[in-house]
Structures are given as C-alpha cells and as structure tokens.
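A.B. asks: The sequence shown: position 649 = 649 (UniProt numbering), numbered continuously.
All clues stand as given, with none of them false.
With a cut-off of at most 30 Å between alpha-carbon atoms, the simulated DSS-like pairs for lysine-lysine come out as follows:
| id | residue 1 | residue 2 |
| --- | --- | --- |
| 1 | LYS675 | LYS713 |
| 2 | LYS421 | LYS245 |
| 3 | LYS675 | LYS664 |
| 4 | LYS375 | LYS430 |
| 5 | LYS86 | LYS119 |
| 6 | LYS245 | LYS435 |
Simulated DEER-style distance windows between Cβ atoms:
| id | residue 1 | residue 2 | range |
| --- | --- | --- | --- |
| 7 | ASN419 | GLN252 | 42 to 48 Å |
| 8 | ASP15 | LEU183 | 54 to 60 Å |
| 9 | LEU473 | LEU532 | 44 to 50 Å |
| 10 | LEU473 | ILE164 | 24 to 30 Å |
| 11 | GLY523 | ASP190 | 46 to 52 Å |
Keep in mind the hints are simulated off the structure, nothing from the lab. Bear in mind the structure is a predicted one, so any value in this text is a computation, not a measurement. Virtual Cβ for every residue (Gly too), placed ideally from N, Cα, C.
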Amino acid sequence: MAELVWDEGMSVGIDSLDNDHKKLIAILAQLMSAKNEKLGQDDIDVIFERLEGYCQSHFAREEAFLTKIDYKELDAHKLSHQAFIKKIPQLKEQWFAKVTESEAVKDKIILFLQQWLIKHILEEDLDYVPAIHCFQEFSRYQKDKKAKHPWLRFFSVKLSHCLILSHRVLITTLLPVATVLLLCSFILQDNYQRYDNISKVLGLNAVIEQVNGISHSLQAERGLSTGYTSSNYRRFAEQLRQRRKNTDAKIQYFLWLLDQSANQEVKISVRRYMTNFQEVVANLSRHRMHLDQKIVSFEETYHAYTQLIGQLLSVSDHLVHIEIGSSHANDISAINAILRYKEFMGQIRAIGMKMDESHQENIYENVGVSLLVGKQLNTLRIFENSANAAQKAICGSYCDAIAQRQYLESFYLETMQFNDKSVRAARWFKVMSTKVDNLNSVVERLISEFDEQIYIESQQLKKEGYLIILAMLIFLLAAIFFALVLNYSIISPVRKLTYALNDMSEGQNNIHFNHIDSKDEIGSMQLAFEKLRRKLLQGDVYKATVSQQQKEIKYRKSQQDHFQQLALTDALTGAVNRHHFNEVLDQEIAHVNSHGSPLSIMLLDIDHFKSVNDRYGHGVGDEVLVMFYQTCVEAVRSSDVVARIGGEEFVIIMPNTQLVNAQKFAERLRQKIAKLEINIANKQISVTVSIGVSQWQSEYFTNAETFVAHADKSLYQAKNSGRNKVVAA
1 MAELVWDEGM
11 SVGIDSLDND
21 HKKLIAILAQ
31 LMSAKNEKLG
41 QDDIDVIFER
51 LEGYCQSHFA
61 REEAFLTKID
71 YKELDAHKLS
81 HQAFIKKIPQ
91 LKEQWFAKVT
101 ESEAVKDKII
111 LFLQQWLIKH
121 ILEEDLDYVP
131 AIHCFQEFSR
141 YQKDKKAKHP
151 WLRFFSVKLS
161 HCLILSHRVL
171 ITTLLPVATV
181 LLLCSFILQD
191 NYQRYDNISK
201 VLGLNAVIEQ
211 VNGISHSLQA
221 ERGLSTGYTS
231 SNYRRFAEQL
241 RQRRKNTDAK
251 IQYFLWLLDQ
261 SANQEVKISV
271 RRYMTNFQEV
281 VANLSRHRMH
291 LDQKIVSFEE
301 TYHAYTQLIG
311 QLLSVSDHLV
321 HIEIGSSHAN
331 DISAINAILR
341 YKEFMGQIRA
351 IGMKMDESHQ
361 ENIYENVGVS
371 LLVGKQLNTL
381 RIFENSANAA
391 QKAICGSYCD
401 AIAQRQYLES
411 FYLETMQFND
421 KSVRAARWFK
431 VMSTKVDNLN
441 SVVERLISEF
451 DEQIYIESQQ
461 LKKEGYLIIL
471 AMLIFLLAAI
481 FFALVLNYSI
491 ISPVRKLTYA
501 LNDMSEGQNN
511 IHFNHIDSKD
521 EIGSMQLAFE
531 KLRRKLLQGD
541 VYKATVSQQQ
551 KEIKYRKSQQ
561 DHFQQLALTD
571 ALTGAVNRHH
581 FNEVLDQEIA
591 HVNSHGSPLS
601 IMLLDIDHFK
611 SVNDRYGHGV
621 GDEVLVMFYQ
631 TCVEAVRSSD
641 VVARIGGEEF
651 VIIMPNTQLV
661 NAQKFAERLR
671 QKIAKLEINI
681 ANKQISVTVS
691 IGVSQWQSEY
701 FTNAETFVAH
711 ADKSLYQAKN
721 SGRNKVVAA
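Could you put the whole structure together from the sequences, leaning on the hints where they help?
C.D. replies: And the structure:
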C-alpha cells in the first residue's frame, strides 16, 4: 500500500490548518509503520489516541475559522467531523478483532483513513477556499479603501455571483446595441410624427380643395342669383338652375368625404364649424325657395350667399391651427389668402351687377367695392408674407394689386358705355366671371402644387421610416450575430476546458487540445491544461511503476510466506508438521511454567488405517487423512493447534484446558469421527480413532518429549483395550 504524502496542491491557504493536515498525514504514516513492524497493542493504542485527539483539536480550529468567515456549509462540515470522531474507536476495535485476517483488516483500515483524509482535504476543505479568499479580499478592502478600483472590483464580484459568464458577455455586447436602438427609436418616432403631420396636411389640403370647389360654385351661383334679381327674374334662370345642381352635388360630396376622412384631428377640427355650416346651407335652401317665389331683394340674396361662403372659408382658415408645422401652415395660409382674394373678387362681381343701375362713373365710388378692394390688398399682403417662391410664381400677375385695381376700374368704365342695361349686366358678369375663374385656376394650381409637394414629402418620410426600420433590423441582427459569435468564442472554449478538467479529475488523462489557435488568455489556459495533463501523465506513469514494484515485492513476500508456511505445515493435510509442533509445544510449556495456566494434549491414531490403504489404495487413504484433519479443525477452538506427527497420528495442543475438560472434548470428537461417513469414488468409508489424553505437570514432566510420551502411553492403552476409545492418564 502506497504511503500518503503531503503535496502543496492540498494547501487551503491557512498555515495552521495546513499544518494540521500535515500532522494527520504523519500520524497515518506512523500507523502504517506500526502495522508493518507488527508493534504491540499498547503502541497501537497510543497512535489511535493521538489520531483522535489531534482530529478533535483540528476540527475545533477549523470550525472556529469557518464560523469567523460565516461559511454557508458549516453545519454539514460539523456533521462530517462528528461522524469521523465516532468512527475512530470502531476502527481501533476492528484493528484487534480478527486475528486470522488481521493483515487484510489493517490494510482496509489504513486505506479507509487515507481515503477519508484525501476527501477531507481535497473535497471538503478546498470547497471553502473561495470563501476564504473572498473574506480576505473584503478584509483587505476594509483596511485599504484607497486600493486600485475597489468599487469596480466589489461590484464585479457581486455581478459574477448573480450572472454566469455567458450572460455577462451577452449583456456587455448587447448593452451598447440597446442604446443605439433606443436612439434609433427616437429618430423613428420623430419620423413618424413628421409623417403624421404630413398625413394631416394631406387631409387639410383635401378639405381646402373641396372648400374651394364649393365656394367657387357658390360664388358663381351668387353672381347668377344677383343678376337674376337685377334683371327682374328674366335672365340667367337656366344657368342658375344648373349651377344650383352643381353646388348641391359639391356640398353633398364634401360632407361624405368628411365622414370618410381617416385623420380624426382634421375631422374634429372641421366638424367644430359644421353645425353652423349646415344651418347656413338650410338658410340657403329657404332663400332659393324665396328667390324662386320672387319675394327677396338683391341685398338678401347677396348676404345669404356671402354668409355661406364666409362660413366655408372660415373652416379653411381655422385649419392652420392644427399642429402641422410652420412651413406647411404658411403654405396653407397663402392658399387661404388667394381663396379670400377670389371671394372678394366674387363679391365685387355681385355688387357690380347692381351698380350698373346707379350709373356711377367710377366703380370705387361704391363704398362696398372700396372696402372689398382694401380687403383684397390685405389678403395679397398675407399671401406675400406666407407664400413660398413656387406659390408666388404660380400667382404671378394675378397677385399684382395695382394692376388688378387699374384693370377693374378701366373695365367698369368700358362696361358702362353700353346703353342697354341687360347688355351691361351680361358683359360685366361674363368678364368678371372669367376673372374669378382665372383666380380659381390659380387656387387649383396652388392646391395641386401643394398636394404634390406634400405627397412627395410623405413618400420620402415613409421611405426614410422604412430605411430606419431596415437599418435597425440589420444592425440588431448583426449585433446579435456578433454577440453570439463572441459568446461562443469565449464560452465554448471555457466549457471545453471545464469538461476536460472534470474528465481529468475522474482519471481520464487522454483528453487534450489538438490545435490551440488563439493567442489570448483562453489559449494560455489551454496550454496550461495541456502542461498539467502531461505532468499528471508523468505522475501516473511513476505511480504505475511504483505500484508494479510494490506488487512484485508483495508477490515475493507472499511466495516467501508460502514457502515458510510449507516449512511449518504438512503438505498433505495442511496441519502443523512435527517440527513446528515441537516449537509450538515448547512455547506453550514455557507459557504454562511462567503463568501457571493448564495445558493438555491429545494423541489421535486412526484405527486400522493400514487396512484402508491396502483395500482402497493410498490415494483414498490420503483423502481419508484430509477429511479426518478437517473434522478435527472444525471441532477445536481457534487457540488450539492440530498437528500431524506421523502417518495416521495427530496431536491436538489445547492451551488453558484441564485434563477433565480435555477428556470430555476427546470423547465428543471420538463420537463425531465414528459417525463420520466418507464418500470417495462411490465408496463409503467409516473410520474410528483411539485417543490418549494427558495434562502437563511441571513436577512430573521434564520436557515436551516426556509429556508426549506420557500421552502416547494413554493412546497405547486405548488401542490395547479394543480401540475407538479415550484414555486419560
């Protein structure tokens, strides 16, 4: 059995505990030496007492230290200590229990102690080494708070307790990715907000387009209605009916389109003014009925239409208050300004239909017209301040206030030259309608240009949004892929190292890394593992060599013991031979003379054994001798010695036995042999035995020979008296 020796790899980092472990290893070495040197019971008792005492003191020191560092597995450690302390007296008792198997029992006890000590040091004690280091690090931190990065080290330790390495690597990789994605989400939200504003603008532009169409139709209907009343309901009747149908269709379509609007904010903003608008439409219907009944005047007709048109334009004006951005609000304000400008021009057209009856020389002599022209100038200033370059280019000369004023004045003078009132009204309505239609074309172009601009911008924003989402997805996928690759490049080699180390701990030293490509810390760990593996292989080869040498030495010793046993025993039966019998008997006689304890012997002779040899052969006779010896051995005590001193003669030495007891035992043995049936080669053989018994008497016998001779006389008497008898001297 190999001796357990201390190795620095067993150190737990605490000198007092390491010294305890070294002392326990030394005590085990003493126990092994005592076993090999076959020391007495007193010496073995001392070694076991030292082992028990030192274990108790070591366990006390260890438990006190673990209590100090607040070790979580302290209770389990204490239970393990208590179980071993209780085991030591049992091991001591087993050491002296079985004499016949003492060597094997002692080897098992030493092996158990070695295995326990290895488990105690390498498994139980090394388990609390991380707790020791953590406690030492914390103590060092408390002593020196100015250490390099103390808080960083502290939080890194806490983080390692909460998250495994793969999770820490993944978080480290994905944290900046999450930050970038958060920033991208803000950009995407801004893009969506702008797109939402554009959607509102598209809705607003559609409303403005409908407002322009309805107002233009109402303006034409107003002009026709005023002409209709001015001409005593004779002219413009058919044109008025067609225009009314057109106006009603546009109003119904506008209301339907408003219900279908997807933008709730636009719908709510428009509906805020729709109640009054519907009331004005109802008033318009009544006015039409009165107009057809010829019970309304020019002023009533003019104000009814102007009120409805003003209500429509107010809807358009208030749309600029929706959150759509200042640039788009200015564009809509510019369009609304031209709408107002066109409406004022329509009002001038309506007033002009009545002015030809007054024969005024200058159109601006009319207060209403002068006010309307002033309002036109104001709307043109609003347009100039709100419109962009493209809108100004579309408006062109129509937005020139001076030119429009001069044209209006000259055209009025030209119209007034005609004598026929109807001709003047028709010419005025036609030319002014052309003027209003031109302005309507300008408004439509402005709306169309604005709609196209908004549509292009909305498509750009939509494309930009898709590009942002695509970029975010690509970036996210790339980041996840990079994180997985980085995680795999770190965790996979670490796991392989872990598996390899676990396999190595189980004795598998054939696992090694064929290729070490990386030159980083993981590559260094793999190189260190390979170096450790080779060192362990060298140690295993050395242990195998030592083990083989030990086996060879043990074999030689067993051979020597075998030959020695052959020199002391009978080759046929295994009984003690005559030479060794003499030595044993001399030792027992010396013991009797020293201590005064009784000693008896029995001489046994198989009756008529020669006839067995002659009848069945010497082979059968040998088997009879073996069976006879086994019967005697099974009957005697463990302290008795059975020896063969002749062909069929045996002697049994019985220490601590009086003659009377020896005689009784001899009689039982005789009866047992007489009942013995020996079956050999389908032949049943029975034998009997004659026994002579004698007890040592120091004053009568001088030596072993006289003692045996006295027993032999008793045997002779048994044989002469008929055999199969016991005779005691």
